[in-house]
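Since the structure of chain E is already known, use the hints to place chain R on it.
Quick mapping for you: the protein sequence lines, in order, are chains E and R. Residue 90 in the working numbering sits at position 90 of the first sequence; the count goes up by one each step and never skips. When you read off a place in the second sequence, starting at 1, and then add 1000, the result is the number in the working numbering.
In case anyone wonders, no lab produced these hints; they're calculated from the structure. The reader is advised that the hints may include incorrect statements.
Cβ pair distances, simulated, as ranges [stated by the list, open to error]:
{"id": "1", "chain 1": "E", "residue 1": "Glu28", "chain 2": "R", "residue 2": "Thr1085", "range": "42 to 52 angstroms"}
{"id": "2", "chain 1": "R", "residue 1": "His1076", "chain 2": "E", "residue 2": "Glu178", "range": "56 to 66 angstroms"}
{"id": "3", "chain 1": "R", "residue 1": "Ala1019", "chain 2": "E", "residue 2": "Ser154", "range": "38 to 48 angstroms"}
{"id": "4", "chain 1": "R", "residue 1": "Thr1085", "chain 2": "E", "residue 2": "Asp193", "range": "36 to 46 angstroms"}
{"id": "5", "chain 1": "R", "residue 1": "Arg1044", "chain 2": "E", "residue 2": "Ala378", "range": "49 to 59 angstroms"}
{"id": "6", "chain 1": "R", "residue 1": "Val1099", "chain 2": "E", "residue 2": "His26", "range": "48 to 58 angstroms"}
{"id": "7", "chain 1": "R", "residue 1": "Ala1108", "chain 2": "E", "residue 2": "Asn474", "range": "46 to 56 angstroms"}
{"id": "8", "chain 1": "R", "residue 1": "His1076", "chain 2": "E", "residue 2": "Glu125", "range": "49 to 59 angstroms"}
{"id": "9", "chain 1": "E", "residue 1": "Asn241", "chain 2": "R", "residue 2": "Val1099", "range": "31 to 41 angstroms"}
{"id": "10", "chain 1": "E", "residue 1": "Pro370", "chain 2": "R", "residue 2": "Glu1127", "range": "46 to 56 angstroms"}
{"id": "11", "chain 1": "E", "residue 1": "Glu125", "chain 2": "R", "residue 2": "Thr1074", "range": "58 to 68 angstroms"}
{"id": "12", "chain 1": "R", "residue 1": "Glu1127", "chain 2": "E", "residue 2": "Thr40", "range": "33 to 43 angstroms"}
EDC-like mimics (lysine to aspartate or glutamate), calculated; alpha carbons at most 20 angstroms apart, straight line [claimed, not checked]:
{"id": "13", "chain 1": "E", "residue 1": "Lys152", "chain 2": "E", "residue 2": "Glu131"}
{"id": "14", "chain 1": "E", "residue 1": "Lys53", "chain 2": "R", "residue 2": "Glu1127"}
{"id": "15", "chain 1": "E", "residue 1": "Lys428", "chain 2": "R", "residue 2": "Asp1111"}
{"id": "16", "chain 1": "E", "residue 1": "Lys264", "chain 2": "R", "residue 2": "Asp1056"}
{"id": "17", "chain 1": "E", "residue 1": "Lys199", "chain 2": "E", "residue 2": "Glu163"}
{"id": "18", "chain 1": "E", "residue 1": "Lys373", "chain 2": "E", "residue 2": "Glu346"}
{"id": "19", "chain 1": "E", "residue 1": "Lys451", "chain 2": "R", "residue 2": "Asp1106"}
{"id": "20", "chain 1": "E", "residue 1": "Lys164", "chain 2": "E", "residue 2": "Asp195"}
{"id": "21", "chain 1": "E", "residue 1": "Lys451", "chain 2": "R", "residue 2": "Asp1111"}
{"id": "22", "chain 1": "E", "residue 1": "Lys130", "chain 2": "E", "residue 2": "Asp323"}
{"id": "23", "chain 1": "R", "residue 1": "Lys1095", "chain 2": "E", "residue 2": "Asp95"}
Quick reminder that beta carbons are idealized off the backbone N, C-alpha and C, glycines included.
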Amino acid sequence: MGKTIQVSDQLRVVQTEPYIWEIPPHGEMRVPGRIYGDQTTVDHLVEDVQAGKSWNALVQIVNVACLPGIQRASLAMADIHPGYGFPIGGVGAFDFDEGVISMAGIGYDINCGVRTMRTNLSRAEIEPKKEDLANALYRTVPAGLGSTGDIKLSLKEVDKVLEKGAEFAVERGYGFAEDLEYVEERGRIAGADPDTVSKKAKEREFNQVGTLGSGNHYLEVQWVEEVYAPDVADAYGLFPNQILISIHCGSRGLGHQIGTDYLKVLEAASRKYNIPIRERELVCAPITSPEGRRYLAAVNCGINCAFANRQAIAHLARRAFQDALGVRPQEIATLYEIGHNTAKVEEHDVDGHIKKLVVHRKGATRAFGPGRKELPTAYRDVGQPVLVGGTMGTCSFILHGTELAMRETFGSALHGAGRTLSRQQAKKRFWGGDVITELAGQGIVVRAHSKAGVAEEAPGAYKDVEEVVDIMHNAGIIRKVARLRPLICVKG
Amino acid sequence: MAYEYLDHEADVGIRASGATFEEALAEGARAMFGVMTDLNQVGRSEEVVIHCQAGDLAALFVECLNELLFQSDTRHLLFADFQVTRLTHSGAGYKLEGVARGEPLDAARHDLWTEVKAATYAGLKYEVGDGRHVLQCVLDV
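Same shape as in the complex, but just chain E (with noise of 0.2 angstroms):
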């Protein structure tokens, strides 16, 4: 403990707990940078400035820091790599009156999260039906560049989305009610203003509700592999052996386009309200300024717009199972559903006091603890799931949030593995038809609408799923409930 790096003249890193690490406030910073991870962790970030790279995660973390109204520490999840703006895996609190809502701290993909879904199937049932399965989620769940889905919406129809998310998608048809119970937010989160959100945003949504995307997008068949904490387990609905579906994506074209629209806006009101900000990408507004009001209502309505995709998509990954298996939908149901790209005003204890604040969480996850609120009944003693993935072929987890969570990190944790190479690294490096054929060797189906995509997503690309996990873990902040490995995975 107490190990220091100097990694530069005023920058330094210093060993506060096993596996926290802490940068001393400097310069314009008003609190420190708290990183959660190991040595390889911080010299890998450290390298990244010493070797001058243009975008580098630790520099990331003091910008933040800088902004007006941060609370606690600039934080940094296990899986942190550069972003723009924040870190990926970065964690930003801010006072509601005193602080700023900021486009990096939520992205372009806003609420990309994860729904996991269970069976009551086991792993030896499907084994042999894996190939017609993933045809027929395939073919059942739209996904790649330029694909569109099934919902046609006219505008006013878009506007309903955007208020009423997953809600409005169980209304179609879509899907279960019994479903929201177990949705952050209930799949419908509050103060969403679809006449924030402009025409050209609703345009891009018309056709693709109820689609995957691409990228780090997927849709997963997995198996319970290990069961870590039996009675969080049984309260989740867990078992070993047992399928699971899990679908990550955000809210598409929507979301890309909100990003875009409020980044003139956002710049203009850093400057309008003298908001010193070290990188272009750090626009922000005052949370209480018109400005701010109004990106936070257009980031709900995206909130809301990743609702309602992933619960269409959850109805289509029925139907799947429904035409290759005869699985009824009710004999699924919803774990829970998770966003790693949002910004939420939560209430939290900030030194003895309640405050309300607005927590932006970009490639991280929330991970509430027990006795809160916001939790399903069935989970509110053990705390919420926190769904983490691997890239496709390695493992996910399910744990759940602590206490210690709240006290620490405004109950939030990392959301997945993490990039170690870039996508131009990864496809020199991996062939899409090789990565496919060897996951093939481990018994994964592998249906990709993208070769390339494949080689970008390649296990190699990224840090160990497992590594990051058990950082967070062994840190106290989420606790390991089930060890999961894939079966199936569609790209787009």
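Just chain R now, with coordinates in the frame of chain E:
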């Protein structure tokens, strides 16, 4: 080809150059669509006129790229090239008009790679030196 891709862990950086700002911008547009598909496969049967404006030229680059994404997304077109037809400067900033040429997205003929979500301000640069204009930014994919 006067553009290249830069290493960025999660996304894609593009760096484009030309003898003028307009040329560099055109190359940047090609770089962006080159992430989505093989440009050699894309014909030029359709034309879309776009307009955009911004306070400075670097921001105009991002604005233009995002407008092209919007057109591509809503019209289901892939663009093989882009040309600036008018660029004006006033007290408020810059206004641009340009023509994008491409054709409808066709999964049977076009290799479809990665969707670009947006052009961002990350790594945004506009530099002029040695008679070359260079534009750079990160694309969120």
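Evaluated hints:
1. Checked against the hint of 42 to 52 angstroms, the pair E:Glu28 and R:Thr1085 passes, with Cβ atoms roughly 43 angstroms apart.
2. Taking the beta carbon of each, R:His1076 and E:Glu178 are about 36 angstroms apart, not inside 56 to 66 angstroms as hinted.
3. R:Ala1019 and E:Ser154 have their C-beta atoms about 47 angstroms apart, which keeps the hinted 38 to 48 angstroms range intact.
4. Range check, R:Thr1085 to E:Asp193: Cβ separation about 37 angstroms, and the 36 to 46 angstroms hint holds.
5. One distance hint, 49 to 59 angstroms for the beta-carbon pair R:Arg1044 and E:Ala378, holds here, with the actual separation near 57 angstroms.
6. Checked against the hint of 48 to 58 angstroms, the C-beta distance between R:Val1099 and E:His26 comes to roughly 50 angstroms, which is consistent with it.
7. A beta carbon spacing of about 50 angstroms between R:Ala1108 and E:Asn474 agrees with the range 46 to 56 angstroms that was offered as a hint.
8. With their beta carbons about 40 angstroms apart, R:His1076 and E:Glu125 fall outside the hinted range of 49 to 59 angstroms.
9. At roughly 58 angstroms, the beta-carbon separation of E:Asn241 and R:Val1099 lies outside the given 31 to 41 angstroms, and the hint is violated.
10. The supplied range of 46 to 56 angstroms is met by E:Pro370 and R:Glu1127, whose beta-carbon atoms lie about 54 angstroms from each other.
11. The hinted window of 58 to 68 angstroms between E:Glu125 and R:Thr1074 is violated, with their beta carbons roughly 43 angstroms apart.
12. Separated by about 35 angstroms at the C-beta atoms, R:Glu1127 and E:Thr40 satisfy the suggested range of 33 to 43 angstroms.
13. As the CA atoms of E:Lys152 and E:Glu131 are separated by approximately 30 angstroms, the hinted pair breaks the 20 angstroms bound.
14. A C-alpha spacing of about 18 angstroms is found between E:Lys53 and R:Glu1127, which places the hinted pair at or below 20 angstroms, so the restraint holds.
15. For the proposed pair E:Lys428 and R:Asp1111, the alpha carbon gap of about 18 angstroms is at most 20 angstroms, so the pair holds.
16. Of the pairs offered as hints, the one joining E:Lys264 and R:Asp1056 holds, with about 12 angstroms between alpha carbons and a cut-off of 20 angstroms not exceeded.
17. A C-alpha spacing of about 15 angstroms is found between E:Lys199 and E:Glu163, which places the hinted pair at or below 20 angstroms, so the restraint holds.
18. Taken as a hint, the E:Lys373 and E:Glu346 pair is honoured in the structure, with Cα atoms around 11 angstroms apart against an allowance of 20 angstroms.
19. Taken as a hint, the E:Lys451 and R:Asp1106 pair is honoured in the structure, with Cα atoms around 17 angstroms apart against an allowance of 20 angstroms.
20. Restraint check for E:Lys164 and E:Asp195: the C-alpha separation of about 14 angstroms stays at or below 20 angstroms, so the hint holds.
21. Proximity of E:Lys451 to R:Asp1111 is assessed by CA-CA distance (about 9 angstroms); at most 20 angstroms being required, the pair is judged to hold.
22. Straight-line distance between C-alpha atoms of E:Lys130 and E:Asp323 comes to about 13 angstroms, which keeps the hinted pair within the 20 angstroms bound.
23. For the proposed pair R:Lys1095 and E:Asp95, the alpha carbon gap of about 38 angstroms is over 20 angstroms, so the pair is violated.
Comparing the model with each numbered hint stated earlier shows that hints 2, 8, 9, 11, 13, 23 do not hold.
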